[in-house]
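Enquirer: Next come the chains, spelled out residue by residue.
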Amino acid sequence: QKEVEQDPGPLSVPEGAIVSLNCTYSNSAFQYFMWYRQYSRKGPELLMYTYSSGNKEDGRFTAQVDKSSKYISLFIRDSQPSDSATYLCAMWRGTSYGKLTFGQGTILTVHP
Amino acid sequence: DVKVTQSSRYLVKRTGEKVFLECVQDMDHENMFWYRQDPGLGLRLIYFSYDVKMKEKGDIPEGYSVSREKKERFSLILESASTNQTSMYLCASSFRTGSYEQYFGPGTRLTVT
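Heads up: the sequence lines are chains G and F, in that order.
Note that my numbering has the first sequence beginning at 1, numbered continuously upward.
Note that my numbering has the second sequence beginning at 1001, numbered continuously upward.
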């Protein structure tokens, strides 16, 4: 069983839709939960991070972490074509020289 | 602005060749990482380094080695390339503290024929 599971999609939605991306994990030692965004032919970039459980909002993006269920989510409101990318969840125990564990990535397409 | 550069965007090599992939970062980061990215498998860590001349195996180190002689440069070596090493290779770097943020290069698409 992988430590982090993410539905690879692909996910295709119309512009303006609410998008929900999810990951589950098995290692209860994870303390930091990140979402990276990767545009085509580019490397991933950090979009948001959350420490421990709770919600974090940044504009149209909301990250949620439920450590009791070992489940994290990223919501995108009013999705735009420019949101089309691969979204990768990532997790870190807070030790081990910054070694992150990534999910498989979800390919999202927002069509006009 | 942090910059991580990789020596090639595309590379085609023959089976059995020795292949060098180079990565340079300009932010004085202590940590550097090499991943490969394959469809459906996500990012898998090959090796990482937390200091000059220090290295640790990641999840899939077989068939690879690394070198870090200077803080800003981290090289990935395929001793004898095989077709199953055809992949996208991504280099990343981060500070020792606050390491949840890794900065990635644009990737090298390696094809082994």
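Note that these hints are calculated values from the structure, not bench results.
Remember, predicted model here, so these are calculated numbers, not experimental data.
Even glycine gets a Cβ: it sits at the ideal position worked out from N, Cα and C.
Treat each hint with caution, since some may be false.
Result set (SDA-like, lysine to any residue): computed pairs, CA atoms no more than 20 Å apart in a straight line [stated by the list, open to error]:
no. : chain 1 : residue 1 : chain 2 : residue 2
1   : G       : 42        : F       : 1106
2   : G       : 99        : F       : 1014
3   : F       : 1055      : G       : 42
4   : G       : 99        : F       : 1016
Across the chosen pairs, the derived CB separations fall in these ranges [what the hints assert, rightly or not]:
no. : chain 1 : residue 1 : chain 2 : residue 2 : range
5   : G       : 80        : F       : 1106      : 35 to 45 Å
6   : G       : 46        : F       : 1020      : 42 to 52 Å
7   : G       : 94        : F       : 1113      : 15 to 25 Å
8   : G       : 20        : F       : 1052      : 41 to 51 Å
9   : G       : 20        : F       : 1057      : 32 to 42 Å
10  : F       : 1083      : G       : 94        : 35 to 45 Å
Interface residues of chain G toward chain F, partial, derived using beta-carbon atoms under 8 Å [unchecked claim]:
no. : residue
11  : 8
12  : 43
13  : 44
14  : 46
15  : 48
16  : 56
17  : 61
18  : 88
19  : 98
20  : 99
21  : 103
22  : 105
Enquirer: Any hints from earlier that this structure breaks? Give me their numbers in increasing order, please.
Expert: 2, 3, 4, 5, 6, 7, 15, 16, 17
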